[in-house]
Amino acid sequence: PVYHDYYADFMGVSGSNYATEFEVKISHTDWRADLKKPKWKLGFPSYISRFIYVVPFALGMPEFVPPEAGIWHIRDDVHRRSPIDVVRAPKRIGKEKVPQDVLARWMSCFYYRYWQQRIDMEGVKFRDIAHFKESRYES
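With our numbering applied, the sequence shown covers 10 to 148.
By construction, these hints were calculated from the structure, which means they are not laboratory data. Some hints could be false.
Claimed, not checked - Derived DSSO-like pairs: lysine-lysine, alpha-carbon spacing no greater than 27 angstroms straight-line:
| id | residue 1 | residue 2 |
| --- | --- | --- |
| 1 | Lys106 | Lys48 |
| 2 | Lys50 | Lys106 |
| 3 | Lys100 | Lys34 |
| 4 | Lys34 | Lys48 |
What the hints assert, rightly or not - Per label pair, the in silico range of CB-to-CB distance:
| id | residue 1 | residue 2 | range |
| --- | --- | --- | --- |
| 5 | Phe19 | Glu105 | 17 to 23 angstroms |
| 6 | Pro108 | Ser36 | 31 to 37 angstroms |
| 7 | Pro75 | Tyr120 | 28 to 34 angstroms |
| 8 | Gly24 | Phe73 | 31 to 37 angstroms |
| 9 | Lys104 | Ala17 | 17 to 23 angstroms |
| 10 | Cys118 | Ile83 | 21 to 27 angstroms |
In this text, all values refer to a predicted model and were calculated from it rather than measured experimentally. For glycine and all other residues, C-beta sits at the position ideal for the given N, C-alpha and C.
Taking the hints into account, I'd like the entire structure generated from these sequences.
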């Protein structure tokens, strides 16, 4: 399969260039819908070494979750040392490092997504981006 437009909620890349995908789900319906994506039918790119679902504690660990997927529960208890419980560690699915061209594409997407969110958040129109950048450094 060709993975030019591979989409993930979050992607972690180690210093050795191995990628872990994190998929956030908020309901069982949302979780089941994820299993219809091509990655579960055609397989993951060889450079995705691990896959983890990050879900609210209340969702538990349903039997429909593929065995290679890790599961992390998020708790909203602020008094806990960590709000994350590792319920199941992910199994290794890919053995290759992330290719430099893929990493560059991810970084480019991250850069533009970041600036678009900043612009949206601060109410600045896209055409005013140059002025926006300059004014941030003048103060």
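Status of each hint after checking the structure:
1. Lys106 <-> Lys48: 18 angstroms, holds
2. Lys50 <-> Lys106: At roughly 22 angstroms apart (the allowed maximum being 27 angstroms), Lys106 and Lys50 satisfy the hint.
3. Lys100 <-> Lys34: Cα-Cα ~19 angstroms, so holds.
4. Lys34 <-> Lys48: 16 angstroms, holds
5. Phe19 <-> Glu105: 17 to 23 angstroms: 20 angstroms, holds
6. Pro108 <-> Ser36: 31 to 37 angstroms: At 34 angstroms between Cβs, range holds.
7. Pro75 <-> Tyr120: 28 to 34 angstroms: Once the Cβ atoms are compared, 32 angstroms apart, the range 28 to 34 angstroms for Tyr120 and Pro75 holds.
8. Gly24 <-> Phe73: 31 to 37 angstroms: 34 angstroms, holds
9. Lys104 <-> Ala17: 17 to 23 angstroms: 18 angstroms, holds
10. Cys118 <-> Ile83: 21 to 27 angstroms: 25 angstroms, holds
In the structure shown, no violation is registered for any of the earlier numbered hints.
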